[in-house]
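Peer 1: Here's the letter readout for the chains.
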Amino acid sequence: MSKKYLEKTSNWMIALRVAIIALIVSTVVPAFNPARMSGLINKNAAFITMSTSRSAIFKDFTRPLRRGWVDEGTLNLLYYASLLVILCIIAIAIGCCMSLGTKRLQKLGTKIITLSSILALPFLGLLIPAYLGFSGTSNADRVEPMFANGFIVFLGLFITIAILGTINLLKIPKVTSEDKYGMESKYKLFLMILPFVILCFVFSYLPLWGWRYAFFDYQPGIDLSMDKFVGLKWFRYLFQNSATRADMVRVMKNTLAMSALGIGTSFLPMVFAIFLNEIKANKYRKLIQTITTVPNFISWVLVYTFAFALFSSDGFVNAVLIKMGVIDQGANFLMSGDYIWLKMWAWGTWKGLGWSAIIYIAGISGIDQQLYEAATVDGAGRFQRMWHITLPGLLPTFSVLLLLSIASILSNGMDQYFVFKNSANKETIEVLDLYVYTLGLGSGGSGNIPLATVVGMLKSIISVTLLMGANRLSKLVRGESIV
Amino acid sequence: MNSDKKMKKIVNKKHKYKLSKGDVTFDILNYVLFAAFTLICAFPFYYLLINTISDNELVRTGQIMWLPKGIHFRNYISLLNVNNLGTSVLVSIVRTVLGTAVMVGATAFIGYLVTKHEMWGRKFIYRFFIITMYFNAGLIPWYLNMSMLGLTNNFWAYIIPGIVSPYNIILVKTYIESIPADLEESASIDGAGYLLRFRHIIWPLSKPILATIAIFGAVGHWNSFTDSMILMSGRPELYTLQYRLYIYMNSTSNLSALMNSGGNLSQSIIDSTLNMRSVKLTVAMVTIIPILLVYPFMQRYFTKGIMMGAVKG
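Respectively, the protein sequence lines represent chains A and B.
Following this note's numbering, the numbering of the first sequence begins with 769 at its first residue and continues without gaps.
Following this note's numbering, the numbering of the second sequence begins with 10 at its first residue and continues without gaps.
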């Protein structure tokens, strides 16, 4: 092995990496945006967005540009300076990745880091003339020139990184001709998966940052600021405002009722599978399985279309009833609020029964055939075998799925209820997920975002608690966790 | 082995001869009940089909129930004149193909990487992915996050968030773990790096599971409409077909508002026979057809996928 790895990462190297991570994080924190030299620039725009979208910058300045308060050159300067600084930061990030490699690669990486951070300083400096451009405006009240705090942060970080990089360059032992470029596989693998970890973070963890809206008086289009901080106001509002409280009671009733219907009949797929297994004609069984699974693969919009075709005033059911003389005028069954819980359950079962049964069908094929043979020899009849062999064989699967469905008792999803919702049934169809949507986003931009966030937040917390409870229960009873 | 088979035969024979009265009643009942449920599952599809190909006037007066009458395909041709439908079909197709391709590629790679025990921080990273299956911040924070990222009114909002899909990662990881390790080892001795080994050994060998997740992914993409509704409100040209169908279903406007008046496709015929209902149902039929077309191919992958899902990561 000619590749030589440094035995221990030096503290200087660790300090350098920490500084680089701080730099990268700063590019996505709006408060640290070094290019926010005017109050007109979106307060929630991070530095990274400044450099990626030129049109976004110009959009904020449509009026000042037209009135001649701000020079187009100033905005261009702002944009290109940001872009150049970001390019330097990208180079620094690449150098940081390289610093995980062999001595030779590490040296190269550190060189790149040091040079890029020094190069970034004049580019960052270009933001000062941009600031002066804003200051020289003829209408300071509208343009609101300001010196971005983030500028100091970035300046400090670049200088720190340049100094730390230089120190590291001096500390890394001399590279001989025996040293090769290379990297230990553990770091190689880590760097390969890193982009996906970041992606996962951005789309699944970053939204948690949005929970802060629960503590502010947020109006869409207006930036969050500390003077809008209201503490637990919306949490109290949820329980103290009588209208909201009544809504919550109604919505919880719908949610729990529909979940209970689902959980109460969750044995149906298992029964379906057991009885299907009793059909010995192979082709017939396959056909049943094929056709009953199809509905699972169509969207709820299409299910609603079916409901429309069958149950609306000129639909199939009315036609049949009229022909039979039961009624003489078609009625729109979809526009009725009666038995909505049952109807929704029925559609859910129609769509999902065949599909949910598959796991049990597969489970049955996994049961040891010798058990059946032995039972038959012992004189067990068909029903006895179903009851004493098939059913117990499927119960473990059933109990896991049951526990999981109890844990997700608050999450009915919103698709189904959203498409079936209309003015006649909206009282009884609204489940928690749909309520959150309607409350926050459903009214065309005038929704109550903080209150909807509070409801969603409580739902998430309760769901996770339930899941952990179910998991613990499963560990206690079955000695196995479910998640 | 041989005696086993014999035994089975005997058992089967016994079973056949021992059919009691109760057994026969049960069998008949069982067959009939399953037939009934199967018909209930299939009938809406059939009913939709005969409604869209039958004479629209007969449909309107409620005379089409069991069999199509006056078969014609003008409804389908007339869809060419429905506003915005073409772009929605295109958006849905591009989204499904691109979204699925990117997701499958990424999932295969991630699934492969997380099987590598030598990775720095492997356990943590794997859990980092999987936890997101059980926990989410909620709809509103998700929406605000997407809007902060500039992914509202942006086609990429359909693709990028779906790249990392934890459930599929579990499936692929479990599958790759079942591939004999010596296959990879021998390649590694020959000097092949991770990427090369992934490309030439793991990828071809895991095709069955990749087909499974591709199908689930594609169906999910094709069927989703709430993301269109929530994220694309400012750019209707980015609506998916499903959301477009939803809009049509809830549209109370008359036919002429829906149709492109500039079209000259034998306008008089269309005007005289088309009605709102037939347009709605025909659009729905067009939305179903791709699912029904791929369904026979995907069926054999279901069981595999769902069984592997039962094996927890």
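Rather than coming from a laboratory, the hints here were simulated on the basis of the structure.
A few of these clues could be false.
What the hints assert, rightly or not - Using 25 Å as the maximum straight-line C-alpha spacing, the simulated BS3-like pairs for lysine-lysine come out as follows:
no. : chain 1 : residue 1 : chain 2 : residue 2
1   : A       : K879      : A       : K811
2   : B       : K30       : B       : K125
3   : A       : K1227     : A       : K1194
4   : A       : K811      : A       : K1048
5   : B       : K78       : A       : K954
6   : A       : K956      : A       : K879
7   : A       : K1048     : A       : K948
8   : A       : K1189     : A       : K1227
9   : A       : K827      : A       : K811
10  : B       : K125      : A       : K956
11  : A       : K1021     : A       : K827
12  : A       : K1227     : A       : K1021
13  : A       : K776      : B       : K78
14  : A       : K1021     : A       : K776
15  : A       : K1189     : A       : K1111
16  : B       : K30       : A       : K1048
17  : A       : K827      : A       : K879
18  : A       : K939      : A       : K956
19  : A       : K956      : B       : K78
20  : A       : K939      : A       : K954
21  : A       : K956      : A       : K942
22  : A       : K954      : B       : K125
23  : B       : K78       : A       : K1091
24  : A       : K1194     : A       : K1111
25  : A       : K776      : B       : K132
26  : A       : K1243     : B       : K30
27  : A       : K996      : A       : K942
What the hints assert, rightly or not - Every beta carbon over 10 Å from chain B, so not counted as near; a handful from chain A, in silico:
no. : residue
28  : I789
29  : K827
30  : F829
31  : Y848
32  : G893
33  : F919
34  : L923
35  : L967
36  : G978
37  : F1007
38  : R1013
39  : E1046
40  : H1156
Everything numeric in this text was worked out from a predicted model, so none of it was measured.
Ideal Cβ positions, reconstructed from N, Cα and C, are used throughout, including at glycine.
Peer 1: Are the hints correct? Go through all of them and say.
Peer 2: Verification of the supplied hints:
no.: 1; hint: A/K879 to A/K811; in the structure: violated, 35 Å
no.: 2; hint: B/K30 to B/K125; in the structure: violated, 60 Å
no.: 3; hint: A/K1227 to A/K1194; in the structure: holds, 21 Å
no.: 4; hint: A/K811 to A/K1048; in the structure: violated, 69 Å
no.: 5; hint: B/K78 to A/K954; in the structure: violated, 69 Å
no.: 6; hint: A/K956 to A/K879; in the structure: holds, 20 Å
no.: 7; hint: A/K1048 to A/K948; in the structure: violated, 68 Å
no.: 8; hint: A/K1189 to A/K1227; in the structure: holds, 22 Å
no.: 9; hint: A/K827 to A/K811; in the structure: holds, 14 Å
no.: 10; hint: B/K125 to A/K956; in the structure: holds, 11 Å
no.: 11; hint: A/K1021 to A/K827; in the structure: violated, 46 Å
no.: 12; hint: A/K1227 to A/K1021; in the structure: holds, 14 Å
no.: 13; hint: A/K776 to B/K78; in the structure: violated, 82 Å
no.: 14; hint: A/K1021 to A/K776; in the structure: violated, 60 Å
no.: 15; hint: A/K1189 to A/K1111; in the structure: holds, 12 Å
no.: 16; hint: B/K30 to A/K1048; in the structure: holds, 17 Å
no.: 17; hint: A/K827 to A/K879; in the structure: violated, 39 Å
no.: 18; hint: A/K939 to A/K956; in the structure: holds, 24 Å
no.: 19; hint: A/K956 to B/K78; in the structure: violated, 66 Å
no.: 20; hint: A/K939 to A/K954; in the structure: holds, 24 Å
no.: 21; hint: A/K956 to A/K942; in the structure: holds, 24 Å
no.: 22; hint: A/K954 to B/K125; in the structure: holds, 9 Å
no.: 23; hint: B/K78 to A/K1091; in the structure: holds, 17 Å
no.: 24; hint: A/K1194 to A/K1111; in the structure: holds, 14 Å
no.: 25; hint: A/K776 to B/K132; in the structure: holds, 23 Å
no.: 26; hint: A/K1243 to B/K30; in the structure: violated, 45 Å
no.: 27; hint: A/K996 to A/K942; in the structure: violated, 57 Å
no.: 28; hint: I789; in the structure: holds, 15 Å
no.: 29; hint: K827; in the structure: holds, 12 Å
no.: 30; hint: F829; in the structure: holds, 18 Å
no.: 31; hint: Y848; in the structure: holds, 20 Å
no.: 32; hint: G893; in the structure: holds, 28 Å
no.: 33; hint: F919; in the structure: holds, 22 Å
no.: 34; hint: L923; in the structure: holds, 26 Å
no.: 35; hint: L967; in the structure: violated, 5 Å
no.: 36; hint: G978; in the structure: violated, 3 Å
no.: 37; hint: F1007; in the structure: holds, 19 Å
no.: 38; hint: R1013; in the structure: holds, 20 Å
no.: 39; hint: E1046; in the structure: violated, 6 Å
no.: 40; hint: H1156; in the structure: holds, 16 Å
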